[in-house]
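Colleague: Going line by line, the protein sequences match chains A and B.
Counting in the working numbering, the first sequence runs from 1 upward without gaps.
Counting in the working numbering, the second sequence runs from 153 upward without gaps.
Misleading hints may appear alongside valid ones.
Claimed, not checked - Result set (DSS-like, lysine-lysine): computed pairs, CA atoms no more than 30 Å apart in a straight line:
#, chain 1, residue 1, chain 2, residue 2
1, A, K103, A, K62
2, A, K132, A, K62
3, B, K274, A, K132
4, B, K229, A, K103
5, A, K106, B, K229
6, A, K103, A, K132
Unchecked claim - A short list of chain A residues far from chain B (calculated; beta carbon distances all over 10 Å):
#, residue
7, D16
8, R20
9, S23
10, R24
11, P26
12, V33
13, H54
14, F55
15, E57
16, V76
17, M91
18, E123
19, S129
20, K132
21, A136
Stated by the list, open to error - Simulated DEER-style distance windows between Cβ atoms:
#, chain 1, residue 1, chain 2, residue 2, range
22, A, N58, B, R296, 47 to 57 Å
23, A, S79, B, G262, 32 to 42 Å
24, A, Y77, B, R303, 18 to 28 Å
25, A, S79, B, V281, 34 to 44 Å
26, A, Y77, B, A259, 49 to 59 Å
27, A, T140, B, H214, 14 to 24 Å
28, A, R69, B, V162, 44 to 54 Å
Hints listed in this document are in silico derivations from the structure and should not be mistaken for laboratory results.
Owing to the predicted nature of the structure, the values given are computational and were not obtained by experimental measurement.
All C-beta atoms, glycine included, are put in the ideal place defined by N, C-alpha and C.
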Amino acid sequence: MSLEAKNVEIEPAVRDLRNRTLSRLPGDFSRLVYLASSRDLNTGRYSHDGLAFHFSENVASKAMAACHREIFDRLVYASLEELIEELCNYMSSTDERPEEFLKSWKHLGSYRVTIPSECDELEAEVFLSNVKMALAILQTGQKPASQYEQSA
Amino acid sequence: MSQLLPYLGVALLLLVVSALWARQIFLTRKSRIEVVVPRKHQAAGRSSASRQALGERIFGLHDWDFVSRNMPSEIQKMFLRERTVLAISWLRRTRTRISLVMRAHVASVGQIADLHLATELKLALSYLVFLILCDLLIAWIWLRGPIRTRRTVGQTLRTVTWLRGAFEQLMARVDSANCIALKTNFDHRGVGS
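Sequences and hints are given; from them, build the entire structure.
Modeller: This is the structure in structure tokens:
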């Protein structure tokens, strides 16, 4: 079932968020990090001034939670190869040196906070395990074939 | 033939003890590497399809093909370790779901007016076989990993699915409320050969 069918109340806010904000970010991993960082870790509520201005704080928060959940689902079911590509895209968008980025992400486990509040425990485990694998693969300097084609 | 019976009994006992031992070791190891889990669990309604897809995701060969073709051996070993943990976690959750339904049934059994002893015994037996199969699968995956045991796991899960069908039929007869809970929370058809 699509997000729209699930909740008519937040449908316009979800569409607005997708079109104006999320579509400008390079890939699902960037979107996931963006949405997770818009969440207050103490309350679990999301904040987005523009969206709250057009709709309401409550609707904005619900719309962001729904998008967070949707993007997380896509990444959980993405293949390891696709996840590595997503991570590479995100890494390139941060302007940090890849070695430092990978070291920091591996050491701090920053990706753990990107998990949505309402998600299956096992899905979270699958996601964390796959990101851990992707980071280890990128640290060895191995990239999926498509990444080599892009850099060439 | 009768001379072999004590040996077969001992072998079966050893098998069960090894399975329990392996499970215990895994549980200890798992508790050490437990991740920070989300506050809430899944929303109702997505469970069955999601479980099935997650099973396919964990036991699928796509990622292994990618890793085994392109990655060094330490990455391959790491991948197998990670997937073993996930596969066992998936099985443990499935086992827990059925156990919860069975416990709910046992708790409500006193309120059932026309209780059939034979049906209850069949139910208990199916449940016991299901638990043993789950534990054996966990031990097998722990020992050999989810990739090498994939075919055996697929066959055993088909048996488990058949058992589930029998279990559901019996539950529907004696306790329809708990049977609905079972149907929405358990589906293994996706993890096949």
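Colleague: Determine for every hint whether it applies to the structure shown.
Modeller: Here's how the hints hold up against the structure:
no.	hint	in the structure
1	K103(A) to K62(A)	violated (34 Å)
2	K132(A) to K62(A)	holds (29 Å)
3	K274(B) to K132(A)	violated (45 Å)
4	K229(B) to K103(A)	holds (21 Å)
5	K106(A) to K229(B)	holds (18 Å)
6	K103(A) to K132(A)	holds (12 Å)
7	D16	holds (23 Å)
8	R20	holds (27 Å)
9	S23	holds (25 Å)
10	R24	holds (27 Å)
11	P26	holds (23 Å)
12	V33	holds (17 Å)
13	H54	holds (26 Å)
14	F55	holds (22 Å)
15	E57	holds (20 Å)
16	V76	violated (7 Å)
17	M91	holds (18 Å)
18	E123	violated (6 Å)
19	S129	violated (5 Å)
20	K132	violated (7 Å)
21	A136	violated (6 Å)
22	N58(A) to R296(B): 47 to 57 Å	holds (51 Å)
23	S79(A) to G262(B): 32 to 42 Å	violated (50 Å)
24	Y77(A) to R303(B): 18 to 28 Å	holds (23 Å)
25	S79(A) to V281(B): 34 to 44 Å	holds (35 Å)
26	Y77(A) to A259(B): 49 to 59 Å	violated (36 Å)
27	T140(A) to H214(B): 14 to 24 Å	holds (20 Å)
28	R69(A) to V162(B): 44 to 54 Å	holds (52 Å)
In summary, the structure is inconsistent with hints 1, 3, 16, 18, 19, 20, 21, 23, 26 from the numbered list given earlier, while agreeing with the others.
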